[in-house]
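Chemist: Listed below are the residues making up each chain.
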Amino acid sequence: METVNHKPKEITIGLAGAAGDGLDRTGYNLANVASRLGLHVYAYNSYQSLIRGGHTWLRLRISERKIHTQGDHVNVVIALNQDSIERHARAIEPGGVLLFNGDRLRCDPALLPEGVRLLPLPFNELTGGLGKLLPVMQNTLAVGALMHLVGLDFEVLRGVMADTFGRKGGEIIAQNVAVAQAGFHYARAHSEPIIAGWRSSRPRLPFLTGNTAFAMGAAAGGCKFYAAYPMSPASGILHWFAEHGPKIGVVVKQCEDELAVANMIIGAGHAGARAMCATSGGGFALMTEAIGMAGMIEAPAVFINVQRGGPSTGIPTKTEQGDLNQVFGASQGDYPRAIIAPATLKECYYSAAEALNLAEQFQLPVMILSDLLLSEHRETLEPDDLTPEVPIRRGERLREAPAPGLNGKGPFRRYAFTPSGISPRLLPGTPGAMYVAPTDDHDEQGILISDEHTNTALRRKIQEKRMRKMEALLAELPPPVLEGPADAEITLIGWGSTWGVIHEAIEQLAEQGIRANHLHINYLVPFHKREVTEILRHCQRTAVVESNYTGQFARHLRAETGFSVDAVITKYDGEPFDPKHVIEPVRAILEGRLRDLRVTEEEAREIAYHYSRIYLGDKARPVRFERAPADGYGEPLWHVQLADRKSGLPLGDLIIGQETGSTYAWQVHGE
Amino acid sequence: METVNHKPKEITIGLAGAAGDGLDRTGYNLANVASRLGLHVYAYNSYQSLIRGGHTWLRLRISERKIHTQGDHVNVVIALNQDSIERHARAIEPGGVLLFNGDRLRCDPALLPEGVRLLPLPFNELTGGLGKLLPVMQNTLAVGALMHLVGLDFEVLRGVMADTFGRKGGEIIAQNVAVAQAGFHYARAHSEPIIAGWRSSRPRLPFLTGNTAFAMGAAAGGCKFYAAYPMSPASGILHWFAEHGPKIGVVVKQCEDELAVANMIIGAGHAGARAMCATSGGGFALMTEAIGMAGMIEAPAVFINVQRGGPSTGIPTKTEQGDLNQVFGASQGDYPRAIIAPATLKECYYSAAEALNLAEQFQLPVMILSDLLLSEHRETLEPDDLTPEVPIRRGERLREAPAPGLNGKGPFRRYAFTPSGISPRLLPGTPGAMYVAPTDDHDEQGILISDEHTNTALRRKIQEKRMRKMEALLAELPPPVLEGPADAEITLIGWGSTWGVIHEAIEQLAEQGIRANHLHINYLVPFHKREVTEILRHCQRTAVVESNYTGQFARHLRAETGFSVDAVITKYDGEPFDPKHVIEPVRAILEGRLRDLRVTEEEAREIAYHYSRIYLGDKARPVRFERAPADGYGEPLWHVQLADRKSGLPLGDLIIGQETGSTYAWQVHGE
Amino acid sequence: MAVVEEKTVRDPIVSTIIDVQTLKDLEGPVDPDWCPGCGDFAVLKSLKEALIERHIQPHQALIVSGIGCSSNLPGFINAYGIHSLHGRALPVATGVKLANHHLHVIAVGGDGDGYGIGLSHLIHAARRNLDLTYIVMNNEIYGLTTGQASPTSMLDMRTKSTPFGCAEMPINPIALGIVSGATFVARTFSGDQKHMAKIFAQGIAHRGFSLIDCMSPCVTFNKVNTYPWFKERCYRVEDEANYNPYELMMAMEKAYEWGARIPLGVIFRAERPTYEDSEPVLKQGPVVDQPMGITREMFDQLLAETM
Amino acid sequence: MAVVEEKTVRDPIVSTIIDVQTLKDLEGPVDPDWCPGCGDFAVLKSLKEALIERHIQPHQALIVSGIGCSSNLPGFINAYGIHSLHGRALPVATGVKLANHHLHVIAVGGDGDGYGIGLSHLIHAARRNLDLTYIVMNNEIYGLTTGQASPTSMLDMRTKSTPFGCAEMPINPIALGIVSGATFVARTFSGDQKHMAKIFAQGIAHRGFSLIDCMSPCVTFNKVNTYPWFKERCYRVEDEANYNPYELMMAMEKAYEWGARIPLGVIFRAERPTYEDSEPVLKQGPVVDQPMGITREMFDQLLAETM
Ligand SMILES: Cc1ncc(C[n+]2csc(CCOP(=O)(O)OP(=O)(O)O)c2C)c(N)n1
Ligand SMILES: Cc1ncc(C[n+]2csc(CCOP(=O)(O)OP(=O)(O)O)c2C)c(N)n1
Ligand code: SF4
Ligand code: SF4
Ligand SMILES: [Mg+2]
Ligand SMILES: [Mg+2]
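Protein chains in written order, with my numbering: chain A, 3 to 673; chain B, 3 to 673; chain C, 142 to 448; chain D, 142 to 448.
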């Protein structure tokens, strides 16, 4: 329905406040208004590892067309506390608006970029007659105002509120609507809308997280058992299953730890129930021994690792793709397995179902690598993007015990050395075909070969049998394809959640006159070595884009194919790539510029804020940034002047190393 | 002292019996006779995962010169049961002897290769007057006989026995010596020695396992805390420490599981005590999460993984190098660490001490990869190969708290962002420098950055700080060097325990007119990418030799350098490479022959023995092997005729697939 | 709704009695390779007898073990089995049971397996009260790894890993089982095999989690807790006039009895709903037999929640 | 003997009293970021008061935690600390203690941390009886992961992971602690902070393993076990005339009291040698202070054993 040459409209709204301010609920209500209008939304919430307080920064990008990242811009900011104004006002683009509760907060005009308007909302005045209000109502007021500012239909907001507060009764709904309406009217009276005339006549769009997609996809794909131990950012899958399990016939078990989780799903998978679990790196570490067991006893089971910033506990609410090495190296020895990295929300859904298929068809553990960005961001899909009609392929199974006697007449040979490596399964409970599935190595019937005599022959052949499954598996998987112009100057290679940002970066590069194309790898193990090598051989220049320090995928690619890419564009600061974080390095690569790891002014500001919070009781804020020579510290420096937040008077200079980022000294003025 | 052109003498003795027969003690006594004479011994025991019964096969290779493998030959076999005669008689080389208790066992002459003599010992007759004897005395009788057969000094055996049975008193010693003497005299009366005139005037040689070397090396290197959970083949280190800890001032703790082990040594390392632990793959899986913690809190700790056959429980008493992927991928995220693979017994000793140094100097976890072969084989060393005078480098440590105030005057900055990445340590307990070591990411002082505000700047800089240590570390490590002729036709690349067999294979290849050289990699992480690439660039042909299915090191090499070797010589049947297992594939590579994975006759025999044991009550043995066409089974076949053990009458044919190794059918004769 | 491509017809678990078996019917494909005299032989025999007594056919039973000498047991009996990982028998058994609760799932293993590395699973399984039977062959030593101290090794016991004597108070499995919420806690002894078989049968019959601690001597590595050592000390609580396993504090006192006298028999019992009872999905029968996937109506409803 | 290249001079741990501190001296570099009203504030304050009462200087104490809201505590107090892994506070603490037993090592964490994923370590630490103090902030919920059921969540409690109610019997930490061999087992409540501080001081003073279960309400996610809920029920065992924590069975009965009345205070005590007492190497003082390496004579002796 988009007319040609109509550049699709879009806008990005940022909500900033403390955890516990109810900001996410507010944001997602707002998003639902857009999605009910058939507009697309991509939402990313940047939050911290604490329950109340701290800082939360939720970006909602709304567009007439399908979008795949949070983008580079912010047009409207709703700030719920003073700190949020200070941190985010400067990022608003010209033409944008800053909204806040004018009763409690104020905005130093110096913080505001040119062309950005303020809209302080007089909360008390506007809501005076509406009864006793919870603090969270200031959000509602702002959302109401937003309806006008960004040109969305207030009536739809009314509907969303009715659904959201449905259980709490009509009075609450009425009160919320009234507050929102007050905001709406106030905004209409005091400000022009910054965008209007959205074109959309599409139906409501589903708006969900990657975790919900994983859960629904698995359920559609026949998952009957889900076990978990809570761990961010994987817990969303548990919560969805816990809520819906009884309705959809899935047994959901929260366990004592991840050791239990992994072993339980393997038990369930062995017994014949499709089983899955999810965790993050720390929990995954505890699952690895069991994953090797699944490989050995050839039990189907699916393990999702939703990666977060590492190493160790790391930055638990931040995104990273740092667990590829871990997942690749899960458990000792060589054993057959698959590792899948879905790239989009839609792929989360289908990969969960597909993983359950592969696990049963090839009787092996399947691991899925997601990350916080992919699993926790929310995004709209087209209504028919997801369907419950997914194929369920259960693989080779016997209905009943073979007649007794070898030669098709023997004891049941659970691990028969077939040419494909796949030995027909038969579920426990079937009369007449009893066998043991052992983690010790064994013969075709499952009898141990580790105890009585060195059996190098059977050992060799069963190891080969198991590993043959990898060939059959690879043949089943679709090889990756190159997207975009064949004659590109540079090929960007990605895996997992970076698909969206690479996709958008390539669009923007094209606008800048740079032709790039895109190779995205979904199946990490087994690897389409031949096809990928063939593609890369013809590329002019290659760069992997990934969110980790060492370039784990670039290494994996080299390990699998021998192909070394020209560059690796990495990010490991916990926040996802915005398109600019890809575009700028691509330009640098093409221009032969090296990556500059020195502390930028923006970063010096961050470091100064941290210093102020920890050592100066949060009373100071950075106001001036100057570059200085080494000056005894062995590296060039930033001199960051901090000033009193209230008085604005300078307090002192913070000396930060430009190369190391070390906070060398705090020189109090006048000392 | 060896004269030129004197080809060093050597002999290999095999002892075969059931677990619980006391065979290893017997064998090691025998070895000690040789080592006390200054002869070199290399011993490898092939045993099964059970306590009594089954089959044990201990090879002792004795030589005038230092040897590095168990070799390809066997000259003398002491068989302690009928099965052992059947399995091993055929392998004895011409001129050799088969010894057994003639009262209980007999040897079908058909089993004996030409030129091999029998020496049945009439146990009852020879020991009649020596009192009530334990069954294990038949071993003693055989050892006595051996002294004559292989030309070793009986007096030395007397000394070894006196030491071995020292605690049990003079009577026991006397009895043992008498039995041995009876054997000695009997052999002298009935057989020529097969070797004599050993040249050696060297002092006694130490004779120990890799595990003992690890333990002693660690102790010499300042280890003060050793924790473990028992796991073969790593338990030897625990046993050594448990026995010697109180004497040498090492606290030894057996824990409830490997989770506890890993976390305890990290706690101890953090507190300032050098700490180490060892396990095998299954236990290592449970340690991985903690290893990531050590990386994050920058605690020194050393983890040994003694690899055994995998995946999963696998073949627990068999050797393999299958855990490289696992150790490389230990824990989530990117963090600094070292992985060392000692190649020889001597290196076990020094690498343990060195690992403790690196762990403290660079404040990171160090992992050592050993395997069952390296850890459990026994070998003689020159007396001065090992020395307690190893350097102990504790790295940058502060003696006392810096004066208060930033700029050398602040709170103690445990994680100072230094140019080297190494932040000076200071041990808990020091007044005035309190800090927290957190697994959440943190600033220079250890204060979390994950809770209050997204701090992309500090996160980036501390991740870079940690990872900078890898450069400093690499600079400290000696790069690998190419051993052997520069103009070799083929370069054999190894890591870990294969050093010995590659070394010997190259010697033998040289005798066959093939020039090969040897590149052995000791430091797997960090990797000497530049140096290794430079060496390999100049090689004519390259092959990695390793004991696993997928060629994990060949992949690692490709991942680190982009260099793909021409071939990978793998073995994954649980037994170590004999030199021939390297030589034959090298010839095949040079001649362009492909590897043949079909079941050999030797293997068909193994499979038939297994079948007989499991399904025919061990009453049959394979007697005839015929190749047959596919015949309905989709692959060429072995027809193995099994005959009754007692009567020798044929019972039936076992049909085995040549390609899959599947046991398709058992065709009873006359059916 | 998903299309199941290769649907497989399975016989339902036959829970009616087919025939009464003999010990021979329950023989596994290979003979046990335990050391002659090992206490685990009696456990194996008792388990077979208990299955016969409970009229459980080989295909209706699934026996899960960990790793250890004792954990080799599933290979020696004619039934379904999983020889899993060291310490993980219970979570694997739990997964099997939740997937197919018509199977009789029995977990077995050693003291190291169950009270050492797997201890946490035991306690959580007990409070979960799934209908599982857990048989621990407690030889107070690590057998398969050749004789290190186990969590039940007695104070001052010398082993390969404690050559100067164990310094930790041993685990009290009976008391631990009770406070963890197990609803059937018993002790048996390999030297009293008939009694053992009887207790096993009761444990299997019990609805809920039963923990059966078996004093099963390791004749090779434990030279302290031998058959005669136990014979001298063991007695059956059933023989005590007033013993009532349903009385918590009475059971607790009994649980602490260890020394001159060692009680055998059912030390503690309680009735509590099982976990299966509380899981709504299982009301429809085993999940392995339930339809897979989501219907279109349900799917639309789930998707609507996101809009 | 090895040559230690960069020998470092360390002050010995000063175990004499330097000065009596104030709460201010024990303030950490950052303020706690717990939700306002969180029970953990009282625990933090009580720990500071207990350290003051026991005359322990900041550098003499090392506080180890796992992961959870409660496990953030070490960051909020002026002492050495390790903020370790979820469930692993006790093994890390054990390692520290064995390396330097002159440090006062205190482990802290949540109920998920200690009674869930870390449960096995607790039981083994208890029977080991190392001189450690373990403080569990038991809020009967997983706080940091936003409100799932914990092992102490009460039956039928609705949480994010159990929207239809918890189906497992909660752990009884007091009873578990007792049967595991802890020699000091107590319960405190954040609503009775002075009492908590007193119990902490006693626990720290106790030689051996002390487990202190703190009812520390999560005001955000646990709407059942609130301050008023506890206030109504809690009483102090010290106030009971005949209560004797040294009597095992009396303690056990008390351990089972949970409902209308909830006992606070030292529920159980015993005297047993500590693990440190039994470790010969520690007789020479902390191993961190002992010489490193092996002397030539000793080395020759060790090598001779192999010949
Ligand atoms: C994770 C892991 N750690 C260690 C081992 C080594 N291991 C095998 S069996 C065993 C203990 C056996 O003791 P127990 O469970 O008491 O059984 P028993 O042999 O005495 O019957 C150990 C430690 C292992 N297999 N896996
Ligand atoms: C191995 C592992 N699994 C899961 C997590 C996620 N996680 C962090 S805190 C926590 C539980 C917190 O509950 P509790 O210990 O009771 O502490 P509280 O927050 O209630 O104080 C979990 C499951 C983790 N960090 N590591
Ligand atoms: S070692 Fe002990 S437990 Fe193992 S089989 Fe032998 S007697 Fe039984
Ligand atoms: S979520 Fe609960 S436990 Fe965590 S800080 Fe808030 S109140 Fe405390
Ligand atoms: Mg045992
Ligand atoms: Mg909690």
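Heads up, some of the hints might be wrong.
To be verified - Listed next, the in silico DSSO-like pairs over lysine-lysine satisfying Cα-Cα at most 27 Å (straight line): (1) 186(C) <-> 170(B); (2) 621(A) <-> 165(D); (3) 249(B) <-> 165(D); (4) 301(C) <-> 249(B); (5) 335(D) <-> 301(D).
Quick caveat, the hints were computed from the structure, so don't treat them as lab data.
Chemist: Does each hint hold? Answer for all of them.
Modeler: Evaluation of the provided hints:
1. Proximity of residue 186(C) to residue 170(B) is assessed by CA-CA distance (about 39 Å); at most 27 Å being required, the pair is judged violated.
2. Among the hinted pairs, residue 621(A) with residue 165(D) is consistent with the structure: their alpha-carbon atoms are about 20 Å apart, no more than 27 Å.
3. Our distance criterion of 27 Å between C-alpha atoms is broken by residue 249(B) and residue 165(D), whose separation comes to about 46 Å.
4. Restraint check for residue 301(C) and residue 249(B): satisfied, since their Cα atoms lie roughly 16 Å apart, inside the 27 Å limit.
5. Of the supplied pair hints, the one linking residue 335(D) and residue 301(D) is violated, its CA atoms being roughly 33 Å apart against a limit of 27 Å.
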